[in-house]
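Participant: Listed here are the chains, written in short residue letters.
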Amino acid sequence: MMRTALLSLAAALAATSASAHHSTAMFEWGKEKSIDGTIDKWEWTQPHTFVWLVVPGSGGKVQQWGFEGMSPSWLGRRGWNIHTLTRGDKVKLIYYPLRDGRQGGFFVRVTLPDGKTLQALPGGGGPPPPTPTSGAR
Amino acid sequence: MNRIRTPFAMAAAMLALGALASCGGGGGSAAADATKAAAPATPAQADPGYAALAKLPDWNGVWEPAAFARPGAARQTPPAPPKLTPDYAKQFDAFQAKNRSTPGINFVSNVANCVPPGLPGSMTQPYPIEFLFTPGRVTVLIETYSMVRRIYTDGSALPAADQLDPSYQGTSVGHWEGDTLVVETSGILPETSPMQGINGHSDQLKVTERMRLVDPETLEIATTREDPTVFIEPYTTTARYARHRDWKIMEYVCAQNNHDALDEHGNPAFSLERKPGE
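Read top to bottom, the protein sequences are chains W and H. Numbering-wise (this note's numbering), the first sequence opens with residue 1 and increments by one. Numbering-wise (this note's numbering), the second sequence opens with residue 1 and increments by one.
With the rest of the complex left out, here is chain W:
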């Protein structure tokens, strides 16, 4: 029952676009990847939140990654706020990658330094493709 509800929510999200205002075609939507890094900046902004993450790279260099997230309108009503992530936090971030291979994607959930995991999108293996008759836009 719960799973059905989550899948339906996922379908609804996909139908209206996960992000309210744009295509999700640039992401491999539903294909979860994992990355460990340190929060450089947490942007609590419309139309999307954004996580800038620094990740150790080869030769002691750090790489910068950027992840879009759901909006404050969505996350703010589900327990998130501007203080949820803080610069310097070491986190594990699950995301849907960019199709073009650049260092970024859309974040799905985050595990905080204290081990607590926060969901930023409904789970369930990723929403199915948008339904053409949803009439939403």
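Treat the hints with care, as some may be off.
Derived list of chain W stretches under chain H, where covered just means 3 residues or more per stretch with a C-beta under 8 Å from a C-beta of chain H [what the hints assert, rightly or not]: (1) 37-50; (2) 107-118.
Chain W is nowhere near these chain H residues, computed Cβ spacing over 10 Å in every case [stated by the list, open to error]: (3) Thr-102; (4) Thr-134; (5) Pro-228.
In short, the hints are calculated from the structure, not lab data. Values in this document were obtained by computation on a predicted structure and should not be read as measured data. Here a beta-carbon is modelled for each residue, glycine too, at the ideal position from N, C-alpha and C.
Fit chain H to the known structure of chain W by using the hints.
Facilitator: Chain H in isolation, oriented as in the chain W frame:
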């Protein structure tokens, strides 16, 4: 007479004097004092329209599209496909084919560039809406893109489409049929989308919405689109909204941090540029 203290006051005084002069009045300050003395003592008598608002149904709180608020229960039977004129049928079929081949591609429009959607798409955005009732007016505040609709319920007739300046939300008049608010809108910008899968319509698009509570916590809006250049017959879809009495509408400025503007070819894109100065 008080001394004029600021340029604003001076400008206001000049406008007031100008108005009096154009009415043939003279002796500005004396006329202003007379007006003040004649002001009604009881505000309630001044505008009985507020008392009538108590008879309207309770639509307080904010309303979230039920597809988001109540997953599982809220997915209603999809509407029958629209009956479209040949050009628009071709566009709609291409949309569906593209949707099957490239999931997510369909949200390609100026909305990604933070240009707001037009009516009726503006009413089915993911984030909530709220209603304000004042005498002769229902105002709809839409969180997504911070959109506003002014629905005149003072008995005004809907002007002919060619008398209206086209706008995203169009020009709306409404009336109550019992507890149902019936809203008619024309003058919607022809470049907007009248339904998902179709971009553009003529200046003849008319949208009629019937809004009512179907239970104390559920608002239903049935939306009918008429435009002979697009639809062979009127096309109606229905959306439901769940009430949240404890929510507040949030600010939504799309240009604040948009990484999703379309590329130079009009295709979906994603910017990894940081904000200037970082």
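Participant: Which hint numbers doesn't this structure obey?
Facilitator: 2, 3
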